[in-house]
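A.B. asks: Throw the hints in and build the complete structure from the sequences for me.
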Amino acid sequence: MPVIFTSDLVVYLLFAGAFYFMWAVRKDGILREAWKDVKKRRLAMACLAILSVYSLLALADSIRWRDAVRDDKGRVVRSPGGTYIYSAEALSVLDRSLSKIRLEGEKTYSAPLATRLYTKESMELPDGRVVRDYPGLKHPGTHFLGTDKVGNDVFYTALKGIRTGIIIGAGATIVIIPFAILFGVVAGYYGGVVDDIVQYLYTTLASIPAVLLIVAFMLLFGSKGYQGGLIQERDVFLGTLVPNDRLFWLCLILGVTSWTDLCRLIRGETLKLRELEYVQAGRAFGLSRPGIIYRHIVPNLMHLVLITFVLQFSGLVLTEAILSYISIGVGPQMFSWGNMINTARLELSMEPVVWWNLLASFIFMFGLVLPANIFGDAVRDALDPRLRLR
Amino acid sequence: MDVPVIEVKDLKTYFRTARGIARAVDGVSFSIPKGGTFALVGESGCGKSLTALSIIQLVPEPAGFHAGGEIFLNGREITKLPEREKRELRGNKISMIFQEPMTSLNPVFTVGYQTVETIRLHQKKSAPEAKAAALEMFAKVGLPEPEALFDEYPHRLSGGMRQRVMIAMALACRPDLLIADEPTTALDVTIQDQIIRLIKDLKDSMRMAVLLITHNLALVYRNAENVCVMYAGKVAEMSPTEELFRNPMHPYTVKLLRSIPGYEKRGLMLDTIPGSVPPATGYPAGCRFSGRCPREMEGCASIEPELVERAPGHLVSCHLHDPEFMSKPYSKPLKHEPDKLPPVPGPIAEKTPLLDVRNLKTYYPVRKGLLKRVRGYVKAVDGIDLTIAKGMTLALVGESGCGKTTAGKSIIRLIRPDDGEIVFKGTDIFGLSERALKPMRSKAQIIFQDPYSSLNPRLMVRDTIEEGLKTLKPGMGRPARLERIAQVLERVGLTPEMMYRYPHEFSGGQRQRIGIARALAVDPEFIVCDEAVSALDVSVQAQILNLLKSIQRDTGISYLFITHDLAVVEYIADEVAVMYMGHIVERGNTEAIFSNPTHDYTKKLLNAIPKLPPGMTWKLPGKH
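Those protein sequence lines, which keep their order, are chains A and B.
For the first sequence, my numbering begins at 1 and goes up steadily by one.
For the second sequence, my numbering begins at 1 and goes up steadily by one.
Derived from the structure by calculation, the hints contain no laboratory data.
Any given hint could be a false lead.
Stated by the list, open to error - Simulated crosslink set (DSSO-like; lysine-lysine; CA at most 30 Å straight-line):
#, chain 1, residue 1, chain 2, residue 2
1, B, Lys12, B, Lys80
2, B, Lys200, B, Lys140
3, B, Lys473, B, Lys351
4, B, Lys361, B, Lys351
5, B, Lys9, B, Lys34
6, A, Lys272, B, Lys9
7, B, Lys140, B, Lys604
8, B, Lys9, B, Lys203
9, B, Lys131, B, Lys34
10, B, Lys140, B, Lys203
11, A, Lys272, B, Lys368
12, B, Lys124, B, Lys86
13, B, Lys361, B, Lys390
14, B, Lys265, B, Lys340
15, B, Lys200, B, Lys131
16, B, Lys611, B, Lys203
17, B, Lys443, A, Lys272
18, A, Lys272, B, Lys372
19, A, Lys272, B, Lys619
20, B, Lys379, B, Lys603
21, B, Lys351, B, Lys425
22, B, Lys473, A, Lys27
23, A, Lys272, B, Lys379
24, A, Lys27, B, Lys470
25, B, Lys619, B, Lys332
26, B, Lys443, B, Lys361
27, A, Lys272, B, Lys470
Claimed, not checked - A few chain B residues that don't get close to chain A, going by computed Cβ distances all over 12 Å:
#, residue
28, Phe109
29, Gln114
30, Ser302
31, Asp382
32, Pro439
33, Gln487
34, Glu490
35, Leu612
The beta-carbon is built from N, C-alpha and C at its ideal position, and this holds for glycine as well.
C.D. replies: Structure, rendered in structure tokens:
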């Protein structure tokens, strides 16, 4: 039985968007040239490759289904009504392909590349003596990034964090863009009262501390839904849909609190474009205002949107980590780099220090944010008309 | 003989680009004596500004580099000096003033502070001494009340005043060489004249050398002793000014001179140069003007001419003046353009009234305070009357800010006027709604100044032109539209295949043609040309003017020509209206106004334009 979270839609949308862009690049001469320019930069292309791997992993982690419960003999268990009973665990393609490191857990902490546990235990030797030593691992060689407190593989946890990171980054940005374009263009082009209203709206929003808004919002919406971990029957709609998903609400509120920057940018650019001569030529042809906005304004803003998308993305991934760290982010049972860092806070104060949880989340986060930034820079350089030779 | 202030020997400045080495300045030599003015002229992209930047050692690095040659300042070679010593020269021994007075002053510092800073950078002066020196300079450049101006920020000054401040800063350290790169291009005519005079007076009193860079040949004629015509990174011709204008030897110079619009050329086509300047990465092997030259010979494309003195002080780089070349078999002429310019073809339209504007007023509200209440109005257009007959051209002239563009846009209702009557083809369109205006939209169109911002970079040429057809001729099917687009593209001298290209694939002149095609596509009877040729080089400008004229004869279209360039007005307009501060101060036919201006402002305007003496005609070289 497939299970779809609302937050999965973000990943699907992201892929749909990527395909749409590929199609647009093939069709649009200017984008095609910009793309050629990006392709020439090897570093940017390497970053794109890394980003693609990340997104594919996120996709693999967003396609999941629940298995029917089987009894000890492997037979499918049916309810008295004759329907299947499904397990509370919805395993994704990623989970299933990593079942070895997922299932073969240890008892507790083990360091990366270690053969023994990180803590001493009392063990009884065959001759009856009791020694206190580091016991050997049950599955040596499996957990190359070590295991956490309850013996789960850290590499697996970090991999699972990719989906959360990408959903936060992309989801919030997807929320931002329509808001920002709509309000920015309308304010810039129509001016007057409309402009005043939009300006008041975003100055007001920008003057409220974002964390405050997020806390309030998450308490209101995010606390009742699916928090991560096992699926509870009350969360599932028609057996497959999980509409009330904390991660999704987090995307939404992050989007709502951070559209103002892009909106301001777009409003300014629209103010400039509005006075350009090709817009006036359009007016001299009697083109309607929505027509002008659609044909002449919005296409000439798209470079701003694309650049903001890539740059906001990395900022939001970091924000997620911060929010989860102060526990208003994703649910505690959700795999996320923020949660990993949050746990690492206590582990770092232990003696001896458990450092690999932090390191793993750091490397994975770094591996997403740095390429996103470098790639974003390359895209901006290629698209920014001011940098292009006229 | 004295050592010249600046002597440039075989200067080469190249650029590394994606397409290879661009030879932007490729072997230029000249010298300027103390107190002399030397002009570098040529069209954009010919390397004149880069020559100047090379002299002041400010070539943008690392893309650009010094590829050869020497520059002597008072006999001292300066290209190999360490950067620290070069810095001491800049602003001290060599100063430069730029085209755009808006951007060459730092807006966050007062003009006084900026001037004092320059002085103290190069001279050991105490703050009060430097201030005194700055005030003295301010007075010298004719700024009123230097004391009061000293603490003003640049945005509070007008363009002319800013340029004066720039000159004061440039001259504060009494440089030996002043480089003026298009010093007046961005300024109004009357102010241009003042600034040029100022530079001249200061040059005489301070005994410095001036390198004047401009594309305005008439300005050169009035102000420089020697002139150098550059083409594609090289010197095409160099001579004392009077000699060059009396007896131009290079075909390029002749073509340039003949493409300048003016009163004597009315009714004639202007001379134009086909094609465009070759890119600096791929010059022709032989003469750089080959391929565009009206007198090209077989050997021209492969054998490079040398710069040789053919008359006293008159150097020219052209095979036509080389007896040895002319005696060789490869001097067989390939092209032979006639010397005489053809008249504009087609009949002159009959005078039937088309547009009648009465008492037109357009005010801009000035809003102030927290609630943005209207506290007054800028009377951009304050009651003007105009009439334009069918097939006629009315020029609306005036300085920037006089309201001429607002007037033009109000007439075709791109801006909503506040009062008056606009009777277009018998209907008053003043109060019509946007919907009711639609029939008129196809009859009245507009062409803009800037060929770069007038086309949406994201639309193909086809889409740009199709837009008007779609909204204004809804009955037209797609095949008919495409046919119409092909037709107008051909009419403006482009090819139909070009409709599938994007604007960035075209040159400035071609873009302007596309802008004209866009307006023509919907079959207008009236076009507002808002500074339509002001941003173009003189030879391209000539092409566009020829095009506009011949379209007018073909179709009987009327133009409202909004411009500040009086040479263009003289050439193209049947009638002139002079606008000053929102009012029309004088109106009449072109001849009457130019020969006998009555209003003081018109007189001032006409006196200010640099002009070539009348009766100058130029013949292409070559006897065959």
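A.B. asks: So, for every hint listed, does it hold in this structure?
C.D. replies: To see whether the hints hold, each was checked on the structure:
1. A hinted pair counts as satisfied when its Cα atoms are at most 30 Å apart, and Lys12(B) with Lys80(B) qualifies at roughly 14 Å.
2. At most 30 Å may separate the alpha-carbon atoms for a hinted pair to count; Lys200(B) and Lys140(B) meet this at roughly 12 Å.
3. A threshold of 30 Å between alpha carbons decides the hint, and for Lys473(B) with Lys351(B) the separation of about 28 Å falls inside it, so the pair holds.
4. The suggested pairing of Lys361(B) with Lys351(B) holds, with an alpha-carbon distance near 27 Å, which does not exceed 30 Å.
5. Taking the CA atoms of Lys9(B) and Lys34(B), the gap is about 18 Å. The hint holds against a cut of 30 Å.
6. At most 30 Å may separate the alpha-carbon atoms for a hinted pair to count; Lys272(A) and Lys9(B) exceed this at roughly 46 Å.
7. For a cut-off of 30 Å, the pair hint linking Lys140(B) to Lys604(B) stands: about 23 Å separates their Cα positions.
8. A hinted pair counts as satisfied when its Cα atoms are at most 30 Å apart, and Lys9(B) with Lys203(B) qualifies at roughly 24 Å.
9. For the hint linking Lys131(B) to Lys34(B), the alpha-carbon distance of about 28 Å falls within 30 Å, and the restraint holds.
10. With a C-alpha separation of about 12 Å, the suggested pairing of Lys140(B) with Lys203(B) holds against the 30 Å cut-off.
11. Of the pairs offered as hints, the one joining Lys272(A) and Lys368(B) holds, with about 22 Å between alpha carbons and a cut-off of 30 Å not exceeded.
12. With a C-alpha separation of about 18 Å, the suggested pair Lys124(B) and Lys86(B) falls inside the 30 Å cut-off, and the hint holds.
13. About 24 Å separates the Cα atoms of Lys361(B) and Lys390(B), which keeps this hinted pair within 30 Å; it holds.
14. A distance of roughly 11 Å separates the Cα atoms of Lys265(B) and Lys340(B); the hinted pair therefore holds under the 30 Å criterion.
15. As the CA atoms of Lys200(B) and Lys131(B) are separated by approximately 25 Å, the hinted pair is consistent with the 30 Å bound.
16. Annotation: proposed proximity of Lys611(B) to Lys203(B) holds, straight-line Cα distance about 22 Å (limit 30 Å).
17. Taking the CA atoms of Lys443(B) and Lys272(A), the gap is near 28 Å; set against the 30 Å cutoff, the hint holds.
18. A threshold of 30 Å between alpha carbons decides the hint, and for Lys272(A) with Lys372(B) the separation of about 21 Å falls inside it, so the pair holds.
19. The hinted pair formed by Lys272(A) and Lys619(B) fails the criterion: a straight-line CA distance of about 47 Å is larger than 30 Å.
20. Straight-line distance between C-alpha atoms of Lys379(B) and Lys603(B) comes to about 24 Å, which keeps the hinted pair within the 30 Å bound.
21. Distance check on the hinted pair: Lys351(B) and Lys425(B) sit about 13 Å apart at the alpha-carbon level, within 30 Å; holds.
22. A C-alpha spacing of about 27 Å is found between Lys473(B) and Lys27(A), which places the hinted pair at or below 30 Å, so the restraint holds.
23. Under the criterion of a C-alpha separation no larger than 30 Å, the hint pairing Lys272(A) with Lys379(B) is consistent with the structure, at around 24 Å.
24. The hinted pair formed by Lys27(A) and Lys470(B) meets the criterion: a straight-line CA distance of about 22 Å does not exceed 30 Å.
25. Using a Cα cut-off of 30 Å, the hinted pair Lys619(B) and Lys332(B) holds, with the two alpha carbons roughly 20 Å apart.
26. For a cut-off of 30 Å, the pair hint linking Lys443(B) to Lys361(B) stands: about 22 Å separates their Cα positions.
27. A C-alpha spacing of about 26 Å is found between Lys272(A) and Lys470(B), which places the hinted pair at or below 30 Å, so the restraint holds.
28. Against chain A, the non-interface label of Phe109(B) holds: every CB pair exceeds 12 Å, the least being about 25 Å.
29. Non-interface status of Gln114(B) relative to chain A is upheld: no Cβ of that chain comes within 12 Å, the nearest being about 26 Å off.
30. Distance check for Ser302(B) against chain A: the nearest CB is about 30 Å away, which clears 12 Å, and the non-interface claim stands.
31. Listed as a non-interface residue, Asp382(B) keeps its Cβ farther than 12 Å from every Cβ of chain A; the least gap is roughly 23 Å.
32. For Pro439(B), the non-interface assignment is contradicted: its Cβ lies about 9 Å from the closest Cβ of chain A, within the 12 Å cut-off.
33. At the 12 Å boundary, the C-beta of Gln487(B) stays outside the reach of chain A, the nearest C-beta of that chain being 18 Å off.
34. The beta carbon of Glu490(B) sits about 21 Å from the closest Cβ of chain A, which is more than 12 Å, so the claim that it is off the interface holds.
35. At roughly 32 Å from the closest C-beta of chain A, the C-beta of Leu612(B) stays outside 12 Å, upholding its exclusion from the interface.
When the structure is compared with the earlier hints, violations turn up for hints 6, 19 and 32 and for no others.
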